[in-house]
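So the sequence lines, in the order shown, correspond to chains A and B. Going by this note's numbering, the first sequence opens with residue -1, and the numbers climb by one from there. Going by this note's numbering, the second sequence opens with residue 45, and the numbers climb by one from there.
Derived by calculation from the structure, the hints in this document are not laboratory data. Note that the Cβ used here is the ideal one computed from N, Cα and C, for glycine as well. Incorrect hints may have been included.
[Unchecked claim] Derived coverage of chain A by chain B (criterion: at least 3 residues anywhere in the stretch with Cβ under 8 Å from a Cβ of chain B; other residues may be distant):
#1 13 to 24
#2 44 to 56
#3 60 to 73
#4 79 to 85
#5 100 to 114
#6 178 to 190
#7 225 to 234
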Amino acid sequence: MKTTNPQHRLLVLLSIPVFLFLVIPTAIVVPVALNDSRYITFPPEGISFAAVAGFFADAAWTSALTASLQSAGIAVVIGVLLGATAAIGLHGRKFPGQSAVVGLILAPMIVPTVVLALAFYQFFISVGMVGSIIPIGLAHAVIATPYVYLTTRASLAGLNPALVRSAQSLGAGALSVLRHVYLPVILPGLISGALFAFSVSIDETVMSLFMQSPGATTLPVKMFTDIQFNLTPKIAVSSALLVSVATIGLLLQVMFVLKRRSSARMLPLAVSTQT
Amino acid sequence: MSNATLAGSRPRGRDSPPSVETTSRRRRSSWWLLLAPILAFDVVLFLTPLGKLVGASFADSAYQRVLEDPLVMRALLNTLTISLASTVVTVVLGYIIAMVLWRAGNVARVILFAVVLLPFWTGILVKNFAWAVLLQDNGLVNAFLQGIGLTDAPIPLLHNRFAVIVGMVHCLLPYAVFPIFSSLTSIDDRLGLAARSLGAREGSVFRRITLPLSVPGISAAGLLVFIISTGFFITPVVMGGPGDMMIANQIDYYARQLTDFSGAAALAVILTVMVSILVAVYQRVLKAGGQHEDN
Chain A
-1 MKTTNPQHRL LVLLSIPVFL FLVIPTAIVV PVALNDSRYI TFPPEGISFA AVAGFFADAA
59 WTSALTASLQ SAGIAVVIGV LLGATAAIGL HGRKFPGQSA VVGLILAPMI VPTVVLALAF
119 YQFFISVGMV GSIIPIGLAH AVIATPYVYL TTRASLAGLN PALVRSAQSL GAGALSVLRH
179 VYLPVILPGL ISGALFAFSV SIDETVMSLF MQSPGATTLP VKMFTDIQFN LTPKIAVSSA
239 LLVSVATIGL LLQVMFVLKR RSSARMLPLA VSTQT
Chain B
45 MSNATLAGSR PRGRDSPPSV ETTSRRRRSS WWLLLAPILA FDVVLFLTPL GKLVGASFAD
105 SAYQRVLEDP LVMRALLNTL TISLASTVVT VVLGYIIAMV LWRAGNVARV ILFAVVLLPF
165 WTGILVKNFA WAVLLQDNGL VNAFLQGIGL TDAPIPLLHN RFAVIVGMVH CLLPYAVFPI
225 FSSLTSIDDR LGLAARSLGA REGSVFRRIT LPLSVPGISA AGLLVFIIST GFFITPVVMG
285 GPGDMMIANQ IDYYARQLTD FSGAAALAVI LTVMVSILVA VYQRVLKAGG QHEDN
């Protein structure tokens, strides 16, 4: 805008290292995974797919990948169903106790993940649900659902409640109102929310770590356990896989933000305490 | 409200359009059905586990026990100092990025937003792994420092507090950029124009207009970042040393090493109460700053 004034040039100059600081770590992951060396180094010495082949030949890593995809599947399905129905149910309504309901829906985003991890660990042991991916998927669904609720709510912001009323007064049943009025409006929000839910689940480590068992070890848990002993090429491959997923998610998100300004407003709200 | 359920099942004829009254009743009857699934889910899988956790924390005088543990005290102190340091660095760097985004043209803004969002979308383990590769003895950073002649031997950059703060700041930056950016965009451009037309230099426009008017964004960003910092678990393990463990690591230690559930639960409750108070303050700050948050 004002590239001509020296203060602005100073600002841009100052920001270059900050942007590099942001980008470099994610940018090196793929080259590190394709490094033609037994050591983990950057810059790579040559390109090779040996580590990738090694990753997919290792049952411990492929089963971790499968477990991660299964838990993400559970989180996306539950998150989309519950988040979307809640957003529609609350759209354009005022009732006593509403803020408490919204507070409950958003609360899983605020509670630190390690606290939820401990709570779920105790809870699933007490009800005898341990040793499978299902409790992990359910736990991921708990933290994924608020994201879908928020994205759906953001996409509903432009929908006039009068439209729903007029559809109903013309005799439309609940299901056809859902299909013909709500669905077209919330679809971008649903897709965006599903992406968030998938990404929340695929990266979640702490809860999965507490609830892991030999048959239910997710990719981040396997990475976390291995990182503490050694930086190995298989961790790099796993990282590269997750970065690819993140890039696809990001590109789709940017597409939606460009399309709909309303979802841009939602981004700062997406508080994740998965640390 | 008791007849609301009945209204929903009332038969309706095609040739007699429902009156306004029945329509509004039907609306009332259906909306809570849409909320029922999420409420049931959250009560069973969120409130119940948390309730059990709070219950467990009161067993075996757990609070007294953990608060007398010097390891816990150290972890609390670590959490406070590491979180504060990370917050300050994050807000300063976030401000620079937000300013650039604010001043950028449309195309540049989209590209730079994507740059900010990429780490936001990438999992913490991936980011920490990448930093471990960069900061290790034969990593890029040490190679660079030796290349420019700053040092002859590799500097230990990994497995210390510096590394923890680097890793945390990298994760936290996007959370600081958004609130600051949003408070910058709400500043009336005419104020700067007026000041410049009266002869103000860029520096004093920043000091006397932009900075004071972005204080709500700065405080919101600072609080948000501090809140998230207090729960960090993975970064202290992957990037820190034994002396950098934070409160989340202590919870894990109590639960999985000592198998002392009540102790772990007491620590978890302490952390949650701390965070909840901060969240309440954060929402106050958001409201005071006039940012449109409707929850």
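Verification of the supplied hints:
no., hint, in the structure
1, 13 to 24, "holds (count 9)"
2, 44 to 56, "violated (count 0)"
3, 60 to 73, "violated (count 0)"
4, 79 to 85, "holds (count 5)"
5, 100 to 114, "holds (count 14)"
6, 178 to 190, "violated (count 0)"
7, 225 to 234, "holds (count 5)"
In this structure, the hints that do not hold are numbers 2, 3, 6, in rising order.
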